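*Asks:* Chains A and B, in that order, give the protein sequences. Using the working numbering, you'd call the opening residue of the first sequence number 1 and step up by one each time. Using the working numbering, you'd call the opening residue of the second sequence number 1001 and step up by one each time.
Where hints are given, some of them may not hold.
Part of the chain A face toward chain B, derived, beta carbon under 7 Å [as the list claims (entries may be wrong)]:
1. Gly130
2. Val132
3. Gln146
4. Arg150
5. Pro152
6. Val154
7. Gly165
8. Leu169
9. Ala172
10. Asn173
11. Arg175
12. Arg240
13. Pro329
14. Pro330
15. Ala381
If you're looking for bench data, these hints aren't it; they were derived computationally from the structure. Just so we're clear, the structure is a prediction, and the values are computed from it rather than from any experiment. Note that the Cβ used here is the ideal one computed from N, Cα and C, for glycine as well.
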Amino acid sequence: MNLDPVTTELIREQLVSTAREMSERLKRAAYSPMIRETLDFCSALHAPTGEVIAQATGIPGLFGLMSQSVVATLERIGLAAMEPGDVVICNDPYEAGGMHLNDVNIIRPIFAEDEPIMIAQCKAHWVDIGSVEPGGWTPDATDMYQEGLRLPPVRLMRRGHLNEGLLDLICANVRLPTEIRGDLLAQVGATAAGVARIGEVLERHGREALTAAMRTILDQAEQAVRARIRAVPDGTVRVREHAEPEAGATEAPQVDLALTISGDEVIADFTGSSKQGLTSFGNCSLPATEGLTRLAIKSVLDPLGPTNEGSYRPVHVVAPSGSCVNPSPPSPVTVGPANVGHAVLLAVQRALAPLLPDRAVADEFGSVQVLVLSGRTPGSAEPFILFTSGWGGGGARAGRDGLHGVATQVDGDVRNMPVEVIETTLPVRVERFELRDDSGGPGRQRGGVGVRADYRLLAPCAEGSIALNRVNTPPGGVFGGASPLTSRLVINPDTPGERILTRGAFTLAHGDVCSHQIGGGGGYGPAETREPQAVVADVLAGYVSTAAAERDYAVIVDDDGHLDTAATRRRREADRREPVGAGP
Amino acid sequence: MTTRVLAPTTITVELVRNRLEAAAREMTETLRRAAYSPLIRESLDFSTALHNPAGEVVAQSAALPFLAGAMTSAVATLGATGRLAKAEPGDIYISNDPYLAGGTHVNDIAVIVPVFCSDELTLVAHAKAHMLDVGGRDPGSWALDATDAQQEGIRIPHVRLAHRAQIDEDVMAVICSNVRFPGQLRADVQAMIAACRAGAARVDEAAARYGTEVVVSAATAILDQDEARMRTRIAELPDAIYRSSDLVETDGLTDEEIAVEVTVTVEGSEIDIDFTGSAPEARGSNGNMIFAGTEASARLALKCLLDPLGPDNDGVYRPVTVRAAPGSCVNPHHPAPVTVGLSSVAHCAIESVMRALAPVVEERAMADQFGCVQALILAGPVPGHEAPFVHFMVYPGGSGARANADGLDGVVNICDSGVRNIPAEVIESTLPVRVERMELLTDSAGPGRFRGGLGVRADYRILTEGVTGTAVLNRYRIAPRGRAGGGEGATSRTVVINRDGEERHYGFETFPVARGELVSHRTGGGGGWGTPAERDPVRVAADVHAGLLSPQAATRHHSAAWVKAARPRDGLVHE
Chain A
1 MNLDPVTTEL
11 IREQLVSTAR
21 EMSERLKRAA
31 YSPMIRETLD
41 FCSALHAPTG
51 EVIAQATGIP
61 GLFGLMSQSV
71 VATLERIGLA
81 AMEPGDVVIC
91 NDPYEAGGMH
101 LNDVNIIRPI
111 FAEDEPIMIA
121 QCKAHWVDIG
131 SVEPGGWTPD
141 ATDMYQEGLR
151 LPPVRLMRRG
161 HLNEGLLDLI
171 CANVRLPTEI
181 RGDLLAQVGA
191 TAAGVARIGE
201 VLERHGREAL
211 TAAMRTILDQ
221 AEQAVRARIR
231 AVPDGTVRVR
241 EHAEPEAGAT
251 EAPQVDLALT
261 ISGDEVIADF
271 TGSSKQGLTS
281 FGNCSLPATE
291 GLTRLAIKSV
301 LDPLGPTNEG
311 SYRPVHVVAP
321 SGSCVNPSPP
331 SPVTVGPANV
341 GHAVLLAVQR
351 ALAPLLPDRA
361 VADEFGSVQV
371 LVLSGRTPGS
381 AEPFILFTSG
391 WGGGGARAGR
401 DGLHGVATQV
411 DGDVRNMPVE
421 VIETTLPVRV
431 ERFELRDDSG
441 GPGRQRGGVG
451 VRADYRLLAP
461 CAEGSIALNR
471 VNTPPGGVFG
481 GASPLTSRLV
491 INPDTPGERI
501 LTRGAFTLAH
511 GDVCSHQIGG
521 GGGYGPAETR
531 EPQAVVADVL
541 AGYVSTAAAE
551 RDYAVIVDDD
561 GHLDTAATRR
571 RREADRREPV
581 GAGP
Chain B
1001 MTTRVLAPTT
1011 ITVELVRNRL
1021 EAAAREMTET
1031 LRRAAYSPLI
1041 RESLDFSTAL
1051 HNPAGEVVAQ
1061 SAALPFLAGA
1071 MTSAVATLGA
1081 TGRLAKAEPG
1091 DIYISNDPYL
1101 AGGTHVNDIA
1111 VIVPVFCSDE
1121 LTLVAHAKAH
1131 MLDVGGRDPG
1141 SWALDATDAQ
1151 QEGIRIPHVR
1161 LAHRAQIDED
1171 VMAVICSNVR
1181 FPGQLRADVQ
1191 AMIAACRAGA
1201 ARVDEAAARY
1211 GTEVVVSAAT
1221 AILDQDEARM
1231 RTRIAELPDA
1241 IYRSSDLVET
1251 DGLTDEEIAV
1261 EVTVTVEGSE
1271 IDIDFTGSAP
1281 EARGSNGNMI
1291 FAGTEASARL
1301 ALKCLLDPLG
1311 PDNDGVYRPV
1321 TVRAAPGSCV
1331 NPHHPAPVTV
1341 GLSSVAHCAI
1351 ESVMRALAPV
1361 VEERAMADQF
1371 GCVQALILAG
1381 PVPGHEAPFV
1391 HFMVYPGGSG
1401 ARANADGLDG
1411 VVNICDSGVR
1421 NIPAEVIEST
1431 LPVRVERMEL
1441 LTDSAGPGRF
1451 RGGLGVRADY
1461 RILTEGVTGT
1471 AVLNRYRIAP
1481 RGRAGGGEGA
1491 TSRTVVINRD
1501 GEERHYGFET
1511 FPVARGELVS
1521 HRTGGGGGWG
1531 TPAERDPVRV
1541 AADVHAGLLS
1551 PQAATRHHSA
1561 AWVKAARPRD
1571 GLVHE
């Protein structure tokens, strides 16, 4: 059946709004702040092949990472064996196409009469998955069993009947069972909304029209990306990126990429990358490698086109098994996407950068930079878990400074947990949540400034876990722009007992302060060419200190916050004769 | 209309009792033969029982006394959820969680099968076995420094594993995905199911032979009889309050000792065993025992002292109350970790109860035994395989001397008695290690008029790279105590010897082992009874002759009379 373009668009929009509605329902029904406040989830509708047809935006990192778990479900259970009312749950990176165990998928086939016609999926990050360290974030884990509960694709519901035993089993293996039970059922509810809306589409347009529209939607996206690829000359670009070293290791995992453009196809070949790591910090699961590669390619070749699987048909990922970008079980993989995975993303973006010289962007601060604090809530047997990403500076671009205090590009619209929510639900006082002075990479366009968040522990003790990247390999500037300050965790800052950490577990006692200081973005162009008035504005806004204005930008600002034009001119002329180094 | 059932005759009760006990033994035999894991088929680290629907054990196989004492809680808590009452023929339940399902520690998985005779829930068949691995922090799932229950492995609340004989493959898949040896675990669970079905079949035969009502009333009569028997034993003891205590050496995180205190009150035909006063719950796993374990420890000690040869079921324990303050090391709050403490804390609980009552049951009392599980875990990667190898074994040592006899040499601890060692042939054919010694350790016994039993030395040459060893010892710092002037038994330790002969000593820790190094696991001896100087020189000479005692130690502990005693027999005498 050939469908007219208007009906195709009507169906497309209805599918996209269905995916959005699923996300909205999840947000409203979920129990944990991780979902309802920080919005760490994603919903999508898939074709019976598993390909994504429509996806709610929100987390770019999941753009290319929704279909794998559906495909794994189809392989393991098979659509033919499923019935209306069946709901599958899974999370495992090896058996179920997941990125890491915290992201739990609820998958529900949608039927037109008795024939499966689409699949609804709702993926959400659970605040705990029963790993060795609360919160699921154990950078030094040495096998996958330490990372928490593994769920291959199994049926949580059959014909609408919940498998209570299975639900009990799942909830027994996470630290906040009540919240997580609520989140899980909210995910199930979100997919039910998908079923209802698709039912309306079917009623309005019929099964054949829906099938035809799905085909067109995928084909159009595919053709758009193929056209963009064809416009790029054939050839291979090689890039090497380094991630942060694992615990006890001196050598950093290395991501080697050979990106080949051949006709209208792209092959991202990671052969030559380091061997799989011994710990979670050094491994990125294959689904994550694939998803992050897809994201990088889409962001460069078709950033504004619709998000569906058609865009990825011309993209092929080669990742040798047993490497840090495709480790073999039982390698741990939870934290690695935020380290090795970030290097994967950067490698692909760098390989594609020559294609878009006008769109060069300096490096962002890093990946999710997760901090977890956990312990026993005073007077209660219940644990508390603070799981927070870090907010850093975006890279500067031509004509624009980097953005301040944003989530990593992988996380997109993920928000911070409001201070009020943290303080009313956890034994923690947030003593600062502020932009971190001088953390942006100096440049003609300055990199964005990172955020410093200070948490004082009010419980008797807590265990913490931190995993930061872009520390040993700081974010770079472009065209002479400088690197920013890197991320760090400071325990009890400005006291004699001050300790600085970037990866691993730590403990806190009552009253200790844990200062999560995130880096900035890289600068664009030489800092000494930055418009002096812009530097003065930065000084007045507190992004740049007077001392740094002079040191990094050769701009002299007097005590009243005015530009000392003459001194600045003299200083810049002197610097031109004897160039100064980059920023700190 | 109600049918009045006549009480079964004494003879019928005995016939049913023997049938049920035979059924429990057959369950054990079925499980042993069908299981995959050496821990079950060689070590026999499991227990089987038949319960009444209230959860009381009616008959059980006597393989593993400790687990036997902790069988009740799994069935009783399942009953409390209401699921047993709603069960249908063919339903099977699985569980392991200490907090959510009456478990002992997560390694011990319970399979529970309600037994229906003419569509009526008659009895409950139950098999509980130690799994080599249940996921969690370390291979073997004995994480010494765990700080909460989630780190210790997969936690299974009471979950229905099969409905009307149809296995819930979704539940099974999730369980198997979270353990390091999924194939083995699945097979072992199926073996437990087979064992329970064998038990159910025998109960069914008994019901067919005697009638369901008779089996049910006989089960009641059995418990009543054995309760009466135990009451008689207790009544023989003088009414009084007895106290004792012992110390756990570490919680796995610090060297701070953890006190286990017990007050035993005998009053008429009842006994109250109260652990109030014991230390608060510890942060680490080795300092905590789930209450089901505490109850099992107290019952086990009491059984040994009062009626070791009598029947063992829950009728026996009706006159016994065990108490422990919530939030203490013997009754911790969720989610305190409890896996490893089931060995160390149990040891102290058992020794405390035995010590408290020793003065009034001297003929059956013992000096301290060598320790508890004294496990050695060896784990490492197997090149080309996803799964690591894991060696886990319960090690024998010396039991305590008694007032009239030496301790036993190289026996497993009281909790585990019935558990065997894994044969060297099995170890060598399945793991990259060579067993270079498995021998009694000379001079490890506590000296006394009656000496303690000897500990054991097991030496393993490591033939591969990347191996991690874990010594899970207690009594590595505090020696097993003697009684009535008897000396202390040797402490336990694990020694790693490198190629240059340099030694590293471990008690309770995880350590790396290089290829070619020797791991020498040495368990302690039992405490002695009575002053060593009073020991019969002939016995001293015999020990020297057998190599159990060195001439030097013989001379140090005992009078020189043994030399004369030895002389007529042979020339093996040290001058």
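*Asks:* Tell me the numbers of any earlier hints that the structure contravenes, in ascending order.
*Replies:* Of the numbered hints, just 12 does not hold.
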